[in-house]
Every structure is written in C-alpha cells, then in structure tokens.
Amino acid sequence: MALLEIKDMEVSYGFIRAIKGISFKVEKGEIIALIGANGAGKTTTLHALSGLIPLDAGSITFNEQDLTKIPAHERVAMGMAQVPEGRRVFQQLTVQKNLMLGAYSRKDQSGIAENLDEVFTRFPRLKERRNQIAGTLSGGEQQMLAMGRALMSKPDIMLLDEPSMGLSPILVSEIFDIIKHINESGTTVLLVEQNAKKALSIANRAYVLETGNIILSGKAEDLMNDDSVRKAYLGES
Amino acid sequence: MFISYLLSGVSLGAIYALIALGYTMVYGIAKMLNFAHGDVIMVGGYVAFTLSVTLGGSAWVAIIGSIVFCTLVGIVIEKVAYKPLRSASKLAVLITAIGVSYFLQNLALLIFGSNSRNFQSLVSIPVISIGQATVPGETIVTIGVSILIVIGLMLFINKSKSGAAMLAVSEDRGAAELMGINVNKTISLTFAIGSGLAAIAGILMCSQYPMIGPYTGQMPGIKAFIAAVFGGIGSIPGAMIGGVVIGIIENLSKAYISSQLSDAITFVILILTLVIKPTGLFGKKLKEKV
Chain A
1 MALLEIKDME
11 VSYGFIRAIK
21 GISFKVEKGE
31 IIALIGANGA
41 GKTTTLHALS
51 GLIPLDAGSI
61 TFNEQDLTKI
71 PAHERVAMGM
81 AQVPEGRRVF
91 QQLTVQKNLM
101 LGAYSRKDQS
111 GIAENLDEVF
121 TRFPRLKERR
131 NQIAGTLSGG
141 EQQMLAMGRA
151 LMSKPDIMLL
161 DEPSMGLSPI
171 LVSEIFDIIK
181 HINESGTTVL
191 LVEQNAKKAL
201 SIANRAYVLE
211 TGNIILSGKA
221 EDLMNDDSVR
231 KAYLGES
Chain B
1 MFISYLLSGV
11 SLGAIYALIA
21 LGYTMVYGIA
31 KMLNFAHGDV
41 IMVGGYVAFT
51 LSVTLGGSAW
61 VAIIGSIVFC
71 TLVGIVIEKV
81 AYKPLRSASK
91 LAVLITAIGV
101 SYFLQNLALL
111 IFGSNSRNFQ
121 SLVSIPVISI
131 GQATVPGETI
141 VTIGVSILIV
151 IGLMLFINKS
161 KSGAAMLAVS
171 EDRGAAELMG
181 INVNKTISLT
191 FAIGSGLAAI
201 AGILMCSQYP
211 MIGPYTGQMP
221 GIKAFIAAVF
231 GGIGSIPGAM
241 IGGVVIGIIE
251 NLSKAYISSQ
261 LSDAITFVIL
271 ILTLVIKPTG
281 LFGKKLKEKV
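Those protein sequence lines, which keep their order, are chains A and B.
Just so you know, the first sequence maps onto residues 1 to 237 in this note's numbering.
Just so you know, the second sequence maps onto residues 1 to 290 in this note's numbering.
If you're looking for bench data, these hints aren't it; they were derived computationally from the structure.
Since we're looking at a predicted model, the values are computed, not measured.
Where a beta carbon is used, it is the ideal one built from N, C-alpha and C, also for glycine.
Misleading hints may appear alongside valid ones.
Each pair of labels, with its calculated beta carbon distance range [claimed, not checked]:
id : chain 1 : residue 1 : chain 2 : residue 2 : range
1  : B       : K79       : A       : K7        : 30 to 36 Å
2  : B       : L148      : A       : D8        : 54 to 60 Å
3  : A       : G14       : B       : I265      : 29 to 35 Å
4  : A       : N63       : B       : G174      : 51 to 57 Å
5  : B       : Y256      : A       : Q109      : 29 to 35 Å
6  : A       : K180      : B       : T279      : 42 to 48 Å
Using 25 Å as the maximum straight-line C-alpha spacing, the simulated SDA-like pairs for lysine to any residue come out as follows [stated by the list, open to error]:
id : chain 1 : residue 1 : chain 2 : residue 2
7  : B       : K31       : A       : N63
8  : A       : K7        : A       : K219
9  : B       : K161      : A       : Q109
10 : A       : K69       : B       : S188
11 : A       : K107      : A       : S138
12 : A       : K69       : B       : F156
13 : B       : K185      : B       : K277
14 : A       : K219      : A       : I70
15 : A       : K97       : B       : K90
16 : B       : K254      : B       : N182
17 : A       : K28       : A       : I170
18 : A       : K127      : A       : D177
19 : B       : K159      : A       : E221
20 : B       : K185      : A       : A77
21 : B       : K31       : A       : Q109
22 : B       : K161      : A       : N131
23 : A       : K25       : A       : A37
24 : B       : K161      : A       : K180
25 : A       : K69       : B       : N184
26 : B       : K31       : A       : Y13
27 : B       : K277      : B       : S188
28 : B       : K31       : B       : G144
29 : A       : K231      : A       : E210
30 : B       : K83       : A       : K7
31 : A       : K25       : A       : I70
32 : A       : K127      : A       : K69
33 : B       : K31       : A       : K231
34 : B       : K161      : A       : F120
35 : B       : K277      : A       : G135
36 : A       : K28       : A       : G135
37 : A       : K180      : A       : L93
38 : B       : K161      : A       : I70
39 : A       : K69       : B       : K277
40 : A       : K127      : B       : L167
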C-alpha cells in the first residue's frame, strides 16, 4: 500500500477546473517530483492534498485512511505537513514561535523540545535568529524556517511547493541538499517545482503535469533523458 | 477639578477600551467588523439588571451570570449569523452584522419594553478623595478592572497556545490551517472573549451611568469602534490607547467646550483619522516578501 495515493482527483479553483482527474502514488521513503509549467495545477494539487480546497471528485488515501472528508487542520496530526508556496511564515512572530506553531497539533512536550533541537541542528541559522521576527529574515532563511516549521509536526510526508522560488542558485542548491537530507532521515517528500532540472536531480520518480492532466510519469532519470521533457521543461533544444 | 474630569475620562475610556478590544480582536482574526458588538454590552447590562434587581441576586451572581451569558451569545451569533458567510463578500458580512445589531435591540425592546430601567451600581466602594478632587468608587474600580483585564489578555495572547493560534490565524488563515490550527474554533474563541469583555464593559458602564435601555449599547459601541480605528484596527495596544484617548477627549470636551458638541468632536476624530492616517496609531501595513 502506497503512503499517499490519489485517484481520479478533480479540483476546481473558482469556476476553473484546474485538475481534471489525476491519479498518482507516493511510496514511503520516496522523493516524488511534480513538475510542470506555471498554471499546470501543481499548487492546486498540493492545496487539495492538504485540504485547503475540496475535491470535486476522486479520492486521496494517506496512511490507509481516506482523507477526502477530513478537514485541513486534522491532516497535520495524521502526518502530513506542507511548506507552502511563498513560504508563508508568520511574519510578525519570532522564529521560535513560528517553529512552535509547526508543532501545534502535538502534545508530547518533551518530544517537541527534542524536535526543536533537531531543527536547530539542521538549520543553525535559525538557532542564531530564534528570537528575531520572521519578517526580517532573508528569503532563503524564510524558506528554511518554513521547512523547519513543517518538520516540527514530525510528518510522515512533507509537501513542498516551489522551494526554489526567488532564491539565488547557490541557495537553491543548498535547499535541495537539505530536502535530500530530510528525506534520508525518513521523511517522504512530494516536491512541486518549476525548476524541473533541480527537482529531477533529487527525485526518485516524477509526474509531469500539464493543464490539469498528468501527461507523463516515470523514473526521474528516465524523464531527464526524455526528449519532450528536455524540450518543454529543461530548456534544451 | 481638572483631575476629576481627567480621571472620569480615563474610566470612560477604559470602558471604551474594553469594547474596542472586542472589535479589534474580531477584526484581526475574522477580518470582519462586528457591528453587533455594541449591543452585546446592552445584553450584558440587561442580564446583570435581571439577575440583581429583578431576581435579587448578589452582585457577584449578576456579574458572573452576565459574563457567561454574553460569552455564549457571542459564540451563538458567530455560529448562526457569520460562520455561514465565511467565504461570502465583506459587504454581505457587514450587512448581516448590522442586521444582528437590530435584532438584539428589538429583542430587548420586546422583552423589556422601550423605557429605560434604573440600574443599581454593582460596585460598593465609597467615594475617594485625592487632594481636593473626589473620585467615585466606580471610577477607580473601572480603571483597575480594565488594567487587570488588559494584562491578562496580553498574557493569554502572547503566552498560551490558543493565543498563538489567534495570532497565526490573524496573519494568515491558510498557513494557520496548515499548522493544524482549527480556524473555526479560533474564531469562535475570539467572539467568546470579545463578548465576555463586552459584558464586563456593560456592567461597569451601567454602574457608572445607572440606566439601561434597548439602545444603551449603540453609542458606546460606535465610540469604541472609533477608538479601535483611531488606535489602528486589529491592534490590541491600539484599541486600549485609542479607548482611553477617546474617553478623555469626550469628557474634557464635555467639561470645557460643550456637552452637546462632545459627540461631534469624537466623530471628527474618526474623520480625521480616516483622512490623515487610515491605518490608525498602531495599524500595520504588511509588506509582502517574496
């Protein structure tokens, strides 16, 4: 049984049918990339998985439970965390408060403290700035904070939406290294990216989304060598 | 004389501040103006009146009964009137709030009639003299109670988990949901707290100005709204300082300018705030960082 299984999912955004019946699977321990151009429906897919928008049809099964009717806030405790597009850290709160909000659905105080130490070890810069207001952090630091915040819920799966957006190439590489490390320490990752090259370089498998449909899927290395993918998403001719 | 005018201004302002806190918290978290908030003061006053005068209960019974009742009223109003409109336009919510306000006023009219009733002060502290000025016990109690409440509220918001949830929801509802925060519950809690504060404000106000009628909440509600806007709607320190400033200005203009003009002066403050600094004293303009 896959950790996360999406079947025939349809989602509308306002009057627009953004996702037109897609199915895909994420196995435990994998890094799965969902690539596609702007407007392909990548963010909508993640919003639907987290429960921020309802499904029109289809189903989401996570950890063998049907998520379709479960409200967004309960999905966190079930082991699903999202690092949203544009980071969306709480700008007016301190770094530490942001991290503690990540652990909102947990009650094991000692476990939370342990987790906080882990996050600070993984992101030393966040430790230095723990009492700083999050809005004053740089874009890269805010991305780290958003990832640390998601880790604080001790998720089985982490959904990442455009982690490379607006970051310098060096920072992008750093962020992708961190994603890989997070995966290696046991968290399954579903990664949504416009930067297909980077995403495919760390993913096990990938799905290509185009105007609400999955048009291609396979092993990341196979997709990397696929002519149509190279032309459309890797900027090669 | 000035000292006693000033002190009674501060105490009037403290009442406005308690009401303004409800306005500003609900605005910050639910992103709506709850124009029925002022009428919850009236409900609080009537409940305290009924418990103490009609049923002969003790002051504490009246106070606690009134707070509990208004808290429930706040939760019910939010569930019945506002929650179904969560994704509706702001205008629809605003009109609904005005509708709720009329509903509460007319319900009070139906139950208690149109005549104002004499409220008996629930505060039994004697007049205190400071130098040559005399200060009624109600004034001292009002100021003291308000300070305690504000400290308690700040501690709750900045130290408790529910308080953190409120701050998170007020900044980014979607991101708060992704943290596992139940947004509906948080909004409900905000209405509960705001309405409880309105009940306390109602009791304090009716103890100082011992009359209660169906429209008792209207004017203080509007003044508190002005205080919230003046302080920067959404900001808790803004609501407190705005309330006290409006109270002092109102009382001093009653004393030294004209008691008929004092309301007009308060409204001029609203207009000036909206023209000169629409975000108010402590209002924040959020900058988006990508």
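Each hint, compared with the structure:
| no. | hint | result |
| --- | --- | --- |
| 1 | K79/B - K7/A: 30 to 36 Å | 35 Å, holds |
| 2 | L148/B - D8/A: 54 to 60 Å | 58 Å, holds |
| 3 | G14/A - I265/B: 29 to 35 Å | 46 Å, violated |
| 4 | N63/A - G174/B: 51 to 57 Å | 23 Å, violated |
| 5 | Y256/B - Q109/A: 29 to 35 Å | 57 Å, violated |
| 6 | K180/A - T279/B: 42 to 48 Å | 44 Å, holds |
| 7 | K31/B - N63/A | 36 Å, violated |
| 8 | K7/A - K219/A | 20 Å, holds |
| 9 | K161/B - Q109/A | 12 Å, holds |
| 10 | K69/A - S188/B | 22 Å, holds |
| 11 | K107/A - S138/A | 31 Å, violated |
| 12 | K69/A - F156/B | 33 Å, violated |
| 13 | K185/B - K277/B | 33 Å, violated |
| 14 | K219/A - I70/A | 31 Å, violated |
| 15 | K97/A - K90/B | 30 Å, violated |
| 16 | K254/B - N182/B | 46 Å, violated |
| 17 | K28/A - I170/A | 29 Å, violated |
| 18 | K127/A - D177/A | 19 Å, holds |
| 19 | K159/B - E221/A | 49 Å, violated |
| 20 | K185/B - A77/A | 16 Å, holds |
| 21 | K31/B - Q109/A | 32 Å, violated |
| 22 | K161/B - N131/A | 17 Å, holds |
| 23 | K25/A - A37/A | 21 Å, holds |
| 24 | K161/B - K180/A | 32 Å, violated |
| 25 | K69/A - N184/B | 16 Å, holds |
| 26 | K31/B - Y13/A | 22 Å, holds |
| 27 | K277/B - S188/B | 31 Å, violated |
| 28 | K31/B - G144/B | 30 Å, violated |
| 29 | K231/A - E210/A | 14 Å, holds |
| 30 | K83/B - K7/A | 32 Å, violated |
| 31 | K25/A - I70/A | 19 Å, holds |
| 32 | K127/A - K69/A | 38 Å, violated |
| 33 | K31/B - K231/A | 46 Å, violated |
| 34 | K161/B - F120/A | 21 Å, holds |
| 35 | K277/B - G135/A | 23 Å, holds |
| 36 | K28/A - G135/A | 34 Å, violated |
| 37 | K180/A - L93/A | 28 Å, violated |
| 38 | K161/B - I70/A | 23 Å, holds |
| 39 | K69/A - K277/B | 45 Å, violated |
| 40 | K127/A - L167/B | 22 Å, holds |
Violated hints for the displayed structure, listed by number in ascending order: 3, 4, 5, 7, 11, 12, 13, 14, 15, 16, 17, 19, 21, 24, 27, 28, 30, 32, 33, 36, 37, 39.
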